[in-house]
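Peer 1: Construct all of the structure, not just a fragment, from the sequences and the given hints.
Take the position in the sequence shown, starting the count at 1, then add 15; the result is the number in the working numbering.
Please note that the accuracy of each hint is not assured.
As the list claims (entries may be wrong) - For lysine-lysine, the following DSBU-like pairs were computed, each having C-alpha atoms within a straight-line distance of at most 30 Å:
1. Lys47 <-> Lys32
2. Lys28 <-> Lys74
3. Lys65 <-> Lys47
4. Lys35 <-> Lys53
5. Lys60 <-> Lys32
6. Lys47 <-> Lys35
None of these hints come from the bench; they were simulated from the model.
Since we're looking at a predicted model, the values are computed, not measured.
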Amino acid sequence: MYTLVIYDITDDKLRMKIAKVCEEHGLSRVQKSAFLGKITSVMRKSLIDKLRIELGNQKGNIQVYMIPDEFVSLRVSIGSGPPVTDEVIIL
16 MYTLVIYDIT
26 DDKLRMKIAK
36 VCEEHGLSRV
46 QKSAFLGKIT
56 SVMRKSLIDK
66 LRIELGNQKG
76 NIQVYMIPDE
86 FVSLRVSIGS
96 GPPVTDEVII
106 L
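Peer 2: Right, dumping it as C-alpha coordinates:
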(Lines of atoms letter the chains of each structure in order from A and count residues from 1; the text may use other names and numbers.)
(Lines give C-alpha, C1' and ligand atoms only; values in the text may rest on other atoms or scores of the structure.)
Protein backbone atom coordinates (compact mmCIF):
# COMPACT_ATOMS: atom_id res chain seq x y z
CA MET A 1 0.00 0.00 0.00
CA TYR A 2 1.28 3.45 -0.92
CA THR A 3 0.86 6.54 1.21
CA LEU A 4 0.37 10.01 -0.25
CA VAL A 5 0.77 13.04 2.01
CA ILE A 6 -0.23 16.48 0.78
CA TYR A 7 -0.25 19.62 2.84
CA ASP A 8 -1.07 23.30 2.76
CA ILE A 9 1.04 25.11 5.35
CA THR A 10 2.12 28.74 5.10
CA ASP A 11 4.69 28.79 7.93
CA ASP A 12 8.12 28.00 6.42
CA LYS A 13 9.58 26.43 9.57
CA LEU A 14 6.57 24.17 10.12
CA ARG A 15 6.45 23.21 6.44
CA MET A 16 10.10 22.12 6.61
CA LYS A 17 9.37 20.04 9.75
CA ILE A 18 6.47 18.30 8.00
CA ALA A 19 8.66 17.54 4.98
CA LYS A 20 11.35 16.10 7.28
CA VAL A 21 8.83 13.82 9.02
CA CYS A 22 7.68 12.53 5.62
CA GLU A 23 11.26 11.85 4.50
CA GLU A 24 12.12 10.15 7.81
CA HIS A 25 9.22 7.77 7.21
CA GLY A 26 10.42 6.69 3.77
CA LEU A 27 8.33 8.98 1.57
CA SER A 28 9.75 10.79 -1.46
CA ARG A 29 8.81 14.26 -2.57
CA VAL A 30 6.70 14.26 -5.75
CA GLN A 31 5.73 17.95 -5.65
CA LYS A 32 6.52 20.91 -3.39
CA SER A 33 3.90 19.90 -0.83
CA ALA A 34 3.34 16.24 -1.72
CA PHE A 35 5.15 13.07 -0.66
CA LEU A 36 4.55 9.50 -1.83
CA GLY A 37 5.96 6.15 -0.79
CA LYS A 38 5.26 2.50 -0.14
CA ILE A 39 5.39 2.01 3.62
CA THR A 40 4.04 -0.47 6.15
CA SER A 41 0.89 0.14 8.16
CA VAL A 42 3.03 0.47 11.30
CA MET A 43 5.19 3.12 9.63
CA ARG A 44 2.04 4.89 8.36
CA LYS A 45 0.59 5.04 11.88
CA SER A 46 3.86 6.48 13.17
CA LEU A 47 3.88 9.01 10.33
CA ILE A 48 0.32 10.15 11.05
CA ASP A 49 1.02 10.39 14.79
CA LYS A 50 4.12 12.53 14.22
CA LEU A 51 2.38 14.74 11.66
CA ARG A 52 -0.40 15.39 14.21
CA ILE A 53 2.17 16.29 16.86
CA GLU A 54 4.10 18.63 14.55
CA LEU A 55 0.98 20.43 13.32
CA GLY A 56 -0.56 20.63 16.78
CA ASN A 57 -2.83 23.66 16.97
CA GLN A 58 -0.93 25.57 14.30
CA LYS A 59 -2.62 26.77 11.14
CA GLY A 60 -2.39 24.29 8.28
CA ASN A 61 -3.92 21.25 6.67
CA ILE A 62 -2.42 17.81 6.07
CA GLN A 63 -4.14 15.08 4.06
CA VAL A 64 -2.96 11.44 4.17
CA TYR A 65 -4.22 9.02 1.52
CA MET A 66 -3.72 5.26 1.35
CA ILE A 67 -3.44 4.10 -2.26
CA PRO A 68 -3.46 0.45 -3.37
CA ASP A 69 -0.38 -0.57 -5.38
CA GLU A 70 -2.35 -1.20 -8.57
CA PHE A 71 -3.72 2.35 -8.58
CA VAL A 72 -0.30 4.01 -8.33
CA SER A 73 0.67 2.40 -11.63
CA LEU A 74 -2.27 4.23 -13.25
CA ARG A 75 -0.82 7.62 -12.32
CA VAL A 76 -0.17 10.04 -15.16
CA SER A 77 2.65 12.53 -14.61
CA ILE A 78 2.66 15.55 -16.92
CA GLY A 79 5.62 17.86 -17.29
CA SER A 80 8.69 18.32 -15.20
CA GLY A 81 10.21 21.17 -13.34
CA PRO A 82 13.33 22.15 -11.47
CA PRO A 83 14.30 20.08 -8.42
CA VAL A 84 12.10 20.86 -5.45
CA THR A 85 13.72 22.16 -2.27
CA ASP A 86 12.32 23.49 0.96
CA GLU A 87 15.27 25.76 1.60
CA VAL A 88 14.44 29.20 2.88
CA ILE A 89 16.65 31.92 1.44
CA ILE A 90 16.75 35.19 3.34
CA LEU A 91 18.06 38.19 1.45
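Peer 1: Kindly indicate which numbered hints from before are broken by the structure, ordering the numbers from low to high.
Peer 2: none
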